[in-house]
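Those protein sequence lines, which keep their order, are chains A and B.
Okay, so the first sequence: first residue is 1 according to the numbering used here, each after it adds one.
Okay, so the second sequence: first residue is 1 according to the numbering used here, each after it adds one.
By construction, these hints were calculated from the structure, which means they are not laboratory data.
From the three backbone atoms N, C-alpha and C, an ideal C-beta is built for every residue, glycine too.
Take the hints with a grain of salt, since some may be wrong.
What the hints assert, rightly or not - Derived DEER-like restraints, expressed as beta-carbon distance ranges:
{"no.": "1", "chain 1": "B", "residue 1": "L118", "chain 2": "A", "residue 2": "R276", "range": "40 to 50 Å"}
{"no.": "2", "chain 1": "B", "residue 1": "N176", "chain 2": "A", "residue 2": "G465", "range": "36 to 46 Å"}
{"no.": "3", "chain 1": "B", "residue 1": "L118", "chain 2": "A", "residue 2": "E338", "range": "41 to 51 Å"}
{"no.": "4", "chain 1": "B", "residue 1": "S138", "chain 2": "A", "residue 2": "D418", "range": "55 to 65 Å"}
{"no.": "5", "chain 1": "A", "residue 1": "R749", "chain 2": "B", "residue 2": "H192", "range": "25 to 35 Å"}
{"no.": "6", "chain 1": "A", "residue 1": "D418", "chain 2": "B", "residue 2": "L218", "range": "35 to 45 Å"}
To be verified - One side only, chain A facing chain B, incomplete, derived with CB under 7 Å:
{"no.": "7", "residue": "V265"}
{"no.": "8", "residue": "Q441"}
{"no.": "9", "residue": "N449"}
{"no.": "10", "residue": "W624"}
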Amino acid sequence: MSLAAAISPADTVDEATKTPQLQQPYADLGLAADEYDRIREVLGRRPTECELAMYSVMWSEHCSYKSSRVHLRQFSDLPHSERLLAGIGENAGVVAVSDDLAVTFKVESHNHPSYVEPYQGAATGVGGIVRDILAMGARPIAVMDSLRFGDIDHPDTARLLPGVVAGVGGYGNCLGLPNIGGEIAFDPSYNGNPLVNALCLGVLPRARLQTSKASGVGNQVILFGARTGRDGIGGVSVLASATFDEGGPAKRPAVQVGDPFTEKVLTECTLEMYERGLVVGIQDLGGAGFTCAISETAAAGGQGMRVLLDSVPLREASMQPFEVLCSESQERMLAIVERADVDEVLALCRRWGVLATVVGEVTGTGRLIVDWHGETVVDVPPGSLAEQGPVYHRPLARPVGQDALQADSAETLPRPRDLRAEVLRLISAPNNASARWVTDQYDRYVQHNTVLAMPEDAGVVRITGEGLGVALSLDGPGRFAALDPYAGAQLALAEAARNVATTGAVPVAVTNCMNFGSPEDPAVMWQFAEAVRGLADGCRELGLPVTGGNVSFYNQTGDVAINPTPVVGVLGVIDDVRRGTSLAFAEDGDVLLLLGTTGPDLSGSDWAWTAHRHLGGLPPAIDWAAERALQQLLVTAAREGLLTAAHDLSGGGLIQAVVESCLRGGRGAQLAAEPGTDPFVFLFSESAGRVVCALPPRGEQRLLDLCTANGLPARRIGTVGGSSLDIDGVGAIDLDELRAAHEGTLPARFG
Amino acid sequence: MANPAGSPLARPAGRGPRIGVVTFPGSLDDRDVQAAIALAGGQSVPLWHADPDLGDVQAVVLPGGFSYGDYLRCGAIARFSAVMAEIIEAAGQGLPVLGICNGFQVLCESHLLPGALLRNAGLHYVCRDQGLLVERTSTAWTTGYQQGQQIVVPIKHGEGRYVADRATLDRLEGENRVVFRYAGGNPNGSLHDIAGITNTRGNVVGLMPHPEHAADPLVGASADGLAMFTSVLTALLSSR
Numbered sequence: 001m002s003l004a005a006a007i008s009p010a011d012t013v014d015e016a017t018k019t020p021q022l023q024q025p026y027a028d029l030g031l032a033a034d035e036y037d038r039i040r041e042v043l044g045r046r047p048t049e050c051e052l053a054m055y056s057v058m059w060s061e062h063c064s065y066k067s068s069r070v071h072l073r074q075f076s077d078l079p080h081s082e083r084l085l086a087g088i089g090e091n092a093g094v095v096a097v098s099d100d101l102a103v104t105f106k107v108e109s110h111n112h113p114s115y116v117e118p119y120q121g122a123a124t125g126v127g128g129i130v131r132d133i134l135a136m137g138a139r140p141i142a143v144m145d146s147l148r149f150g151d152i153d154h155p156d157t158a159r160l161l162p163g164v165v166a167g168v169g170g171y172g173n174c175l176g177l178p179n180i181g182g183e184i185a186f187d188p189s190y191n192g193n194p195l196v197n198a199l200c201l202g203v204l205p206r207a208r209l210q211t212s213k214a215s216g217v218g219n220q221v222i223l224f225g226a227r228t229g230r231d232g233i234g235g236v237s238v239l240a241s242a243t244f245d246e247g248g249p250a251k252r253p254a255v256q257v258g259d260p261f262t263e264k265v266l267t268e269c270t271l272e273m274y275e276r277g278l279v280v281g282i283q284d285l286g287g288a289g290f291t292c293a294i295s296e297t298a299a300a301g302g303q304g305m306r307v308l309l310d311s312v313p314l315r316e317a318s319m320q321p322f323e324v325l326c327s328e329s330q331e332r333m334l335a336i337v338e339r340a341d342v343d344e345v346l347a348l349c350r351r352w353g354v355l356a357t358v359v360g361e362v363t364g365t366g367r368l369i370v371d372w373h374g375e376t377v378v379d380v381p382p383g384s385l386a387e388q389g390p391v392y393h394r395p396l397a398r399p400v401g402q403d404a405l406q407a408d409s410a411e412t413l414p415r416p417r418d419l420r421a422e423v424l425r426l427i428s429a430p431n432n433a434s435a436r437w438v439t440d441q442y443d444r445y446v447q448h449n450t451v452l453a454m455p456e457d458a459g460v461v462r463i464t465g466e467g468l469g470v471a472l473s474l475d476g477p478g479r480f481a482a483l484d485p486y487a488g489a490q491l492a493l494a495e496a497a498r499n500v501a502t503t504g505a506v507p508v509a510v511t512n513c514m515n516f517g518s519p520e521d522p523a524v525m526w527q528f529a530e531a532v533r534g535l536a537d538g539c540r541e542l543g544l545p546v547t548g549g550n551v552s553f554y555n556q557t558g559d560v561a562i563n564p565t566p567v568v569g570v571l572g573v574i575d576d577v578r579r580g581t582s583l584a585f586a587e588d589g590d591v592l593l594l595l596g597t598t599g600p601d602l603s604g605s606d607w608a609w610t611a612h613r614h615l616g617g618l619p620p621a622i623d624w625a626a627e628r629a630l631q632q633l634l635v636t637a638a639r640e641g642l643l644t645a646a647h648d649l650s651g652g653g654l655i656q657a658v659v660e661s662c663l664r665g666g667r668g669a670q671l672a673a674e675p676g677t678d679p680f681v682f683l684f685s686e687s688a689g690r691v692v693c694a695l696p697p698r699g700e701q702r703l704l705d706l707c708t709a710n711g712l713p714a715r716r717i718g719t720v721g722g723s724s725l726d727i728d729g730v731g732a733i734d735l736d737e738l739r740a741a742h743e744g745t746l747p748a749r750f751g
Numbered sequence: 001m002a003n004p005a006g007s008p009l010a011r012p013a014g015r016g017p018r019i020g021v022v023t024f025p026g027s028l029d030d031r032d033v034q035a036a037i038a039l040a041g042g043q044s045v046p047l048w049h050a051d052p053d054l055g056d057v058q059a060v061v062l063p064g065g066f067s068y069g070d071y072l073r074c075g076a077i078a079r080f081s082a083v084m085a086e087i088i089e090a091a092g093q094g095l096p097v098l099g100i101c102n103g104f105q106v107l108c109e110s111h112l113l114p115g116a117l118l119r120n121a122g123l124h125y126v127c128r129d130q131g132l133l134v135e136r137t138s139t140a141w142t143t144g145y146q147q148g149q150q151i152v153v154p155i156k157h158g159e160g161r162y163v164a165d166r167a168t169l170d171r172l173e174g175e176n177r178v179v180f181r182y183a184g185g186n187p188n189g190s191l192h193d194i195a196g197i198t199n200t201r202g203n204v205v206g207l208m209p210h211p212e213h214a215a216d217p218l219v220g221a222s223a224d225g226l227a228m229f230t231s232v233l234t235a236l237l238s239s240r
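Okay, chain A solo, but in the shape it has when bound (with noise of 0.2 Å):
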């Protein structure tokens, strides 16, 4: 049932105080009944339709993380680090980079609203996530993009798939952020439930940092930004917290439209009042629009609010209180000013074009208290929405099969006789091919500071003109998790960290993103508290901060969840992003090393995937001394500038690593595994913590003994050159035939 039918319009505190008894449709709008009676007992009456409307959407899963909670301490537990400026709690985690400037970045999901509406759902997927960015007083300055998709013959990906790259093309794009990366994949788990995971990375003045606190008695409250319509209304009750079941009603009336050119001149609107100082506290309207910010601002604030509703801008004069309290109208902010500053910031956005209105102020009472046409609709303690939602301790239980799962290897497959077949086939598989027909409709350019973009191993930005830059990887685990999610989410932080490593930067912090099933299953419950246990771990290992973070449940149609995926983004510093290091092949002569231990490393591999559509066994094991040994490498090796291209192995193994370096470098390669090694193993295991450098053959002496220094094996495993990639024993592959097999993919399914 709908909000609309759900409730009846304009109930007031009075009413709701005469008519106690009034039977209330908390259940149709996702609330329990033991929360319906805390609400109650918050209150010391029954609440308000609007109350009810306002508690049903912040204390529903997507708002209030209350099966999460209880894990996501873990991330706040985890060792201080110096840098973090905010962290877990705020819009997201702000990070000194210098003595005067920091970056902040987040990622977030729009999966729900992606499979509903593709291309606005991921749409406002970005908008929502640029906002938030903005909030923390920053310039957003680049965004990333992690796609999943269900098998990429099944019917449903031809629908989604180009209208999600359309939708985050075509928002990032009119915005005029380049889109420096990401990740794209295909797995039946996905079939019924998409994942779209949109990154922001702003930059700001380190003294510029914003809060959202509404403080200050008599300062006012100002909403600023587009109007407010039944776009999205109930969204997170309706959409985000609940399973989509087949013959169900159809909810595309929940997902928001979004407009990036109001988000545009929002962006520098607001940008223009920090710089002028004119802001006390300021949050952005996402989920649960105005009732999240009002009530979040408040509680932060620790002082009380008076919001008079029917001054709120509408689309539709229609509309009634409650759904202006709920809707999801995208391209909105709101803003605590003094009041001496009212009629510079009102002045400020008339010029931008954004309109801007005030529409309550700043009180002592310590209650949040919003007013309809004269009558008082909500009086409560915003806390009681923001701070103090249900916290579940839900029921764990490891899957039934996963120990038959662990059990059925990789290992014992039949291998392939036929190599350079097998190799072509890997690397046109939909998981391994070329993403550029994605990336190529994300403007990259734009803001002249991208120095790496996809299909890099992480997005390289420039943010000073001294050449001070970050380094950014978003990075899911493949289908490890499914075999141990545990081991899953730390494969994916080792990933993105050396990613991030690989291009010359130095790790500092993490984000993340948490896709799972629902949550009252103890299966699916159990993963997530592996995932997160696990990401807390290897964090630990890393030395690195979680800095924020978005969990995304009930990612299933009917009963069968998605794969566990736990998408994560690590962020690096560099000090001089002309010494970023790339993937591409630059110079004929050079050598390539091969840095870490290759095993027989299969499970879960693309090649077990692609070859037998086999998912089973145990994940690549870590060693997390080795990680940390390479990464540090990696940073020296590009500080003292001994690398002309350095490329992770990941999934799909040496060969995809220097199958892309190839391409990308338009440069060919002759290759040899060691004699005695299984040259399978060789160029398809996914043996984790391991990288392929190229170099000028004058710093192969002065690597390799960096090398021993720091404990990590490494060999020469062949040399650049050429116009085909030839492998001792397996033959010869000219780069045409590569490209052509390698990017020819996409394109043929998708035109």
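Let chain A serve as the given structure and place chain B on it in line with the hints.
Quick look at chain B alone, frame taken from chain A:
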């Protein structure tokens, strides 16, 4: 309005001749163009869409972006802005004007250049490093190139398919007014592979590719686009 965006990034002020860079609401590459002008040795002057005043600028660049959101035809609203009335008049008197991407669309909508830019033939937005053939060097913006030179400059647009009626195309070709042509593949279905054109006088040039993203190879595709800015600066310096 020196720095409306409040960017913490250091913006080189630049010296030399003064080139105006228009910011419409929704302009995106305005700061990128300012950086390219500085790199070329010029001084950029921000121009605001609502101000009917070009000050003392000696040339104007209309940058890329989505002016006013471009929800109507691209550039169709920007054409009516206060600053465009001034630019149209000044262009008629010989002011060098360069329109890049959305700026090119605005110039066509303003009838400073003939033809129109439609949705790409492939229907997708395309961002890629694009080969271009320099067809004409005797414009205000291209004297720094060699006739027939092949350069690489990024494109990034969804509506860059240049079209015009046969008579217009014949005239453009006959009067040698095609400035750049796509090389190594036509990315958007433009007629005659046209990437950029000029007016009869040669002071107004519009192109879909982004020379400002080929000014500094560290953050661009190449350095091949810088000559567009050095060309106009050289001409302005020598005309003093």
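Hints, one by one, checked against the model:
1. Remark: the range hint 40 to 50 Å for B:L118 to A:R276 is upheld by a beta-carbon distance near 42 Å.
2. Taking the beta carbon of each, B:N176 and A:G465 are about 40 Å apart, inside 36 to 46 Å as hinted.
3. One distance hint, 41 to 51 Å for the beta-carbon pair B:L118 and A:E338, holds here, with the actual separation near 50 Å.
4. Checked against the hint of 55 to 65 Å, the pair B:S138 and A:D418 passes, with Cβ atoms roughly 59 Å apart.
5. At about 32 Å, the beta-carbon gap between A:R749 and B:H192 stays in the expected band of 25 to 35 Å.
6. In this structure, A:D418 and B:L218 meet the distance hint of 35 to 45 Å, their C-beta atoms being roughly 43 Å apart.
7. The beta carbon of A:V265 comes within 5 Å of a beta carbon in chain B, closer than 7 Å, and the hint placing it at the interface holds.
8. For A:Q441, the suggested interface contact is upheld, since its CB lies about 5 Å from the closest CB of chain B, less than 7 Å.
9. With its C-beta approaching chain B no nearer than about 6 Å, A:N449 sits inside the 7 Å limit, and its interface hint holds.
10. Violation of the interface hint for A:W624 is found here, the shortest Cβ-Cβ separation to chain B being roughly 34 Å, above the 7 Å cut-off.
The structure shown violates just one earlier hint, number 10.
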